[in-house]
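Residue numbers (numbering that gives the first Met the number 0), protein chains in the order written: chain L, 0 to 234; chain U, 0 to 409; chain G, 0 to 356.
No wet-lab data here; the hints were simulated from the structure.
Honestly, I wouldn't trust all of these hints.
To be verified - Here are the simulated BS3-like pairs of lysine-lysine, each with C-alpha atoms no more than 25 angstroms apart in a straight line: (1) L:158 / U:325; (2) U:297 / G:249; (3) U:162 / L:27; (4) L:228 / U:176; (5) U:179 / L:228; (6) G:27 / G:348; (7) U:372 / L:169; (8) U:297 / L:158; (9) G:246 / U:325; (10) G:150 / U:325; (11) U:325 / L:228; (12) G:280 / G:292; (13) L:169 / U:257; (14) L:169 / U:297; (15) G:150 / U:297; (16) G:150 / G:232; (17) U:257 / G:348; (18) G:348 / U:162; (19) G:292 / U:257.
What the hints assert, rightly or not - Some chain L residues judged to face chain G by a derived CB distance under 8 angstroms, without partners named: (20) 6; (21) 7; (22) 46; (23) 49; (24) 53; (25) 158; (26) 161; (27) 163; (28) 201; (29) 204.
For glycine and all other residues, C-beta sits at the position ideal for the given N, C-alpha and C.
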Amino acid sequence: MALHAPPKLERYADVPYEEKERLFQEVKSDPRFPDYLYGCYECGICVAACPSARFYDFSPRKIAQTLAREDVELFYYQLNEDIWNCSQCFSCNRCPRQNSPGGLITIMREVAVRNGLRSAKEALEGYSRVIYKIMVTGTQVSPDMIQADAFPDWGPVAKETADNLELWRKALPPETMHTTTTAWEVSEQTLTELYLIWHMTGVMDMIKEVDEGLHMILMDVMEELLEEKGYALAE
Amino acid sequence: MHGDGKQAEGIPRKERVFQRDPDLPLPEDIRERVFELEEEGEWIVQRVPEPYVEVPTKYGRPKKVPLQHTWHHKSCGQCGHIPGYSTAIFWLHRKLGLAYDDPKDQTSCTGWNYYASATSNAAAQAAVAVRNFAAAYATGFFPLIHCGTSYGHYKEVREELVKHAEQRRQVREILAKLGKPLVMPEEIVHYSEWVYAVRHEIAARRIYDCSAITVTVHPACHYYKLVQGDAIYDPDIYGGQRTAVVTAVATALGAQVKDYSTWFDCCGFGFRHILVQRDFTRSFAVGRKIETMIEEAKPDVVLTHDTGCVTTLDKSQFAAQVHNRKVGVPVMSEAQFAALAMGAHPYRVCQLHWHAADYRPLLEKMGIDWREKWQEFEEDLERIRRGEKEYLTWEDVEAEIPARHFLQVS
Amino acid sequence: MASDVVLVIGGGPAGLEAARGAADLGAKVVLVEERDCLGGTPVFERYAALTHGFQDAEEVMNRLIRDVTAHPSIEVKLSTRVVACDGEVGDFRVALARTGDGASETVHVGSIIVATGFQHFDPGRETQVYGYYEYPDVITLADAEAMLKAKKFVRPSTGLPPERVCFIQCVGSRDRQIGNEYCSKVCCGIASKQAIEIRQQVPNCKVYIFYIDMRMYGYWENEIYWPAQEQYKVNYIKGIATEIIRKGDKLLVRGEDTTLGRPMEVLMDMVILSVGMEPSKGTREIARILGVKQNKYGFIEVPHEGVDPVATSVPGIFVAGAAAGPKDLDDTMSMAGAAAMKAVAAVRKAAVAPGRG
């Protein structure tokens, strides 16, 4: 069993320290930060429980330690290389100090997205259709997304589902579930309210940072419904 | 019960039974703060309607679970990919004569996207949650959460809103613009807690013998690891040391619940991973969960109570066959299993044709003639194809229709 | 009217030593014990060797008990509890009740020493999931102590000596979720002592200790920790466990080996939980009855611990031993002596100037 190689901090030597510091402060100033990080006595319970720690060179303990130590260089490294390995299962919430390494990672991911980090864009490659679906329809991973070419590893059921989708969806007793493009029938008023929420909370700005093309499409779709319903967006 | 150590002859088993010390003060409970905030005028607390059942939670505080007049907060992954799961939950309510509402005025909790991509933020997530709560409140029906992720996520949102006045103010303003009040339900209730609460009523209506069925249970991380005190722990199940949902139901149905050494492991869903980095999810689900279950417990079925877990464990097995891994056990929710045991149609209700791992040996073992049932369902499909019927309906599945309060909010 | 009697509540090491000390100083002492025998936790839980110096616990306790029962100035009341108290330093009236026949009496005393001790943390409340209530082979320090004393250290499930045993430290202590945020002080020493005893009694058994920090104060470092590692080859691994679950006929312990920085799953025949200290039922009850302040964990509060380690919030009432918080035997005996001194001084002062202790 070899010790893990120390992180190659030199990869990010070109990034100015002030920039790394700024991002660190952005994480630290999140209102949830004090709820998620107390102290860490390195008991290892978080790593013991973590599924990602078994598969990746990933350690929730190191995430907590880095933030507690305010090690800006190591923080920037983790922000780019580690945070997308987390499964967000929150098994690490077993922490006896009541730290939440998973929660810290959630904050770090938001900061990465909001700042348009290339590593965030890379992590979300191939994921934009899912963002589109949830933002626009208020449901995620609709029936029509089960296509054999998207989920070949799911076996023949993916093809069978896709081939029979319309028919099979009609063969569902719940009245709201006869849909194919959404998981259930969402009323227009509901969608209007959802779009307003995305706009009022700055989510659209976040998406613009990681995927400009997607952002344009989303804005078009949302603006159309909002205008119809009588809402003007102050952009 | 479960996990009994092997007993050597002559060694008396020291019977250890966990008994909560009544003198010890109970830990702080967030629901006290929720009510205080109502008194301070911060929000409205929607009360759990009667009749409700009180269930035990991890640190001993009772939790109220409403039996009916519930507003079903559906799960996108469930309704999208495993529609038999949602259908079974509704069917159970109908069979027990408990009125519910299946709303269109509901968005997904959007937690899957949030945990996958962080293309959202705390305020947006809280606003989505309370918008749904307000929608439920307007109908007078109490939210019942179908998904484990939604449930854990909403528990977290509740914690944040209780702690952070600024966030409360922010979402209150957003809701005001939508013409809605800020509402927090008295309890956040997962559907599996409802199934637990009515498990004896379900068992009383069981028509198939489950005593030969071996079950392994996978508890969802987001159910019991997020806000840990708020989850069902029952002194009669695992001595109150592990969460009791699902296991209690399987046991009540007479099935044999067998333990395995990776019980506490996540399924490997990963939110993002199952969509764009599936080698992690597959490897984890197969290597840590499925193979261990099969090797140590030889289950006829894996039961769980969350959308992501059913999806992960069911869909990850196919690719593993190429590598000659020991897979091939059906996976479903306890709601579907309970429904099957009560005589629900495996296709019209449980919609098992959407599942990947072969469920037919399980049905055979339970004494359900799947060939006949598939024939019936194919006839339904044919009628729809021919235009004789537009949809399959509840009448078709012969579920009793209770007096119910349907609200069409558009 | 002043009384020159010192009341000691609790007949464990703290109470016994305090009673003996006060009596040797010339005071009349009444010692009240709830159980039907003296000795407290070391006797009741059949301690094997005491951590300090590996002395035989039974021998040490017997000496202490003999000194008290033989002392002409100490009146011992077994199977007796304190049920009420009023008055002030120099002049307390304490109501006693005997279990069994319920006979009651009131004693008039000048000062009181609380020595009602601790109880072990119940592992069923632990944040992690250690399976104490599921697996007979998961035991606590107290269970292990009893087996070591009987020289029959075996796997409860098979009755055979184990091949691999591990300790898990800090069970029920140092945990914000449970609320016992403190360190229980003695468990690292006890676990290391027991590890040595196991290696002595079962030489083929490998022993591991999973810890967060090893609290080996003062001479414990070189008298216990170093010999455990060097002489007895006990394996200390930094990183504790999150779950214990059965795998085959062994126990699977899931932790992190933080030195190597990766999750670790190891199979053990037995797991010993180093459960921490909490205030005993007696301590909680007596605090209420005497009107003495408790700290947020329920232990008797000592307002200025560093300077006056035995004072409570009530003048004339003193505390000794684990009723005040996690204490090892050194602490307990020292506190007992200090409490005896202060209790006797209090009755003498009160005799001269009533109401002032």
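Results for each hint:
About 24 angstroms separates the Cα atoms of residue 158 of chain L and residue 325 of chain U, which keeps this hinted pair within 25 angstroms; it holds. Pair hint residue 297 of chain U plus residue 249 of chain G holds up; C-alpha atoms about 19 angstroms apart against a cutoff of 25 angstroms. With a C-alpha separation of about 17 angstroms, the suggested pair residue 162 of chain U and residue 27 of chain L falls inside the 25 angstroms cut-off, and the hint holds. Taking the CA atoms of residue 228 of chain L and residue 176 of chain U, the gap is about 14 angstroms. The hint holds against a cut of 25 angstroms.
A distance of roughly 17 angstroms separates the Cα atoms of residue 179 of chain U and residue 228 of chain L; the hinted pair therefore holds under the 25 angstroms criterion. Restraint check: the Cα-Cα separation between residue 27 of chain G and residue 348 of chain G comes to about 15 angstroms, which is no more than 25 angstroms; the hinted pair holds. A hinted pair counts as satisfied when its Cα atoms are at most 25 angstroms apart, and residue 372 of chain U with residue 169 of chain L qualifies at roughly 18 angstroms. Restraint check for residue 297 of chain U and residue 158 of chain L: the C-alpha separation of about 29 angstroms exceeds 25 angstroms, so the hint is violated.
Our distance criterion of 25 angstroms between C-alpha atoms is met by residue 246 of chain G and residue 325 of chain U, whose separation comes to about 18 angstroms. Restraint check: the Cα-Cα separation between residue 150 of chain G and residue 325 of chain U comes to about 45 angstroms, which exceeds 25 angstroms; the hinted pair is violated. A threshold of 25 angstroms between alpha carbons decides the hint, and for residue 325 of chain U with residue 228 of chain L the separation of about 55 angstroms lies outside it, so the pair is violated. A C-alpha spacing of about 15 angstroms is found between residue 280 of chain G and residue 292 of chain G, which places the hinted pair at or below 25 angstroms, so the restraint holds.
Restraint check for residue 169 of chain L and residue 257 of chain U: the C-alpha separation of about 37 angstroms exceeds 25 angstroms, so the hint is violated. Note on residue 169 of chain L and residue 297 of chain U: the hinted pairing is violated, with a Cα-Cα distance of about 36 angstroms set against a maximum of 25 angstroms. For the suggested pair residue 150 of chain G and residue 297 of chain U, the alpha carbons sit about 40 angstroms apart, so the restraint of at most 25 angstroms is broken. This hinted pair checks out: residue 150 of chain G and residue 232 of chain G have alpha carbons roughly 20 angstroms apart, not beyond 25 angstroms.
The straight-line distance between the Cα atoms of residue 257 of chain U and residue 348 of chain G is roughly 69 angstroms, outside the 25 angstroms bound, and the hint therefore fails. Taken as a hint, the residue 348 of chain G and residue 162 of chain U pair is broken in the structure, with Cα atoms around 53 angstroms apart against an allowance of 25 angstroms. Distance restraint check for residue 292 of chain G and residue 257 of chain U: the Cα-Cα separation of roughly 49 angstroms exceeds the 25 angstroms cut-off, and the hinted pair is therefore not satisfied. With its C-beta approaching chain G no nearer than about 12 angstroms, residue 6 of chain L sits outside the 8 angstroms limit, and its interface hint is violated.
Taken as an interface hint, residue 7 of chain L does not check out: its beta carbon lies about 16 angstroms from the nearest beta carbon of chain G, beyond 8 angstroms. Look at residue 46 of chain L: its Cβ gets to within about 4 angstroms of chain G, closer than 8 angstroms, so that hint holds up. Checking residue 49 of chain L against chain G: minimum C-beta separation of about 7 angstroms stays under 8 angstroms; hint holds. The beta carbon of residue 53 of chain L is positioned within 8 angstroms of a beta carbon in chain G (closest approach about 6 angstroms), and the interface hint is therefore held.
Hint status for residue 158 of chain L: violated, given a least beta-carbon distance of 37 angstroms to chain G, over 8 angstroms. For residue 161 of chain L, the shortest C-beta to C-beta distance to chain G is roughly 38 angstroms, which exceeds 8 angstroms, and the interface hint is violated. A cut of 8 angstroms between beta carbons decides the hint on residue 163 of chain L: the least distance to chain G is about 42 angstroms, and the hint is violated. Hint on residue 201 of chain L is violated. Least Cβ distance to chain G is approximately 32 angstroms, over the 8 angstroms limit.
With a least beta-carbon distance of about 36 angstroms to chain G, the hint placing residue 204 of chain L at the interface is violated under the 8 angstroms criterion.
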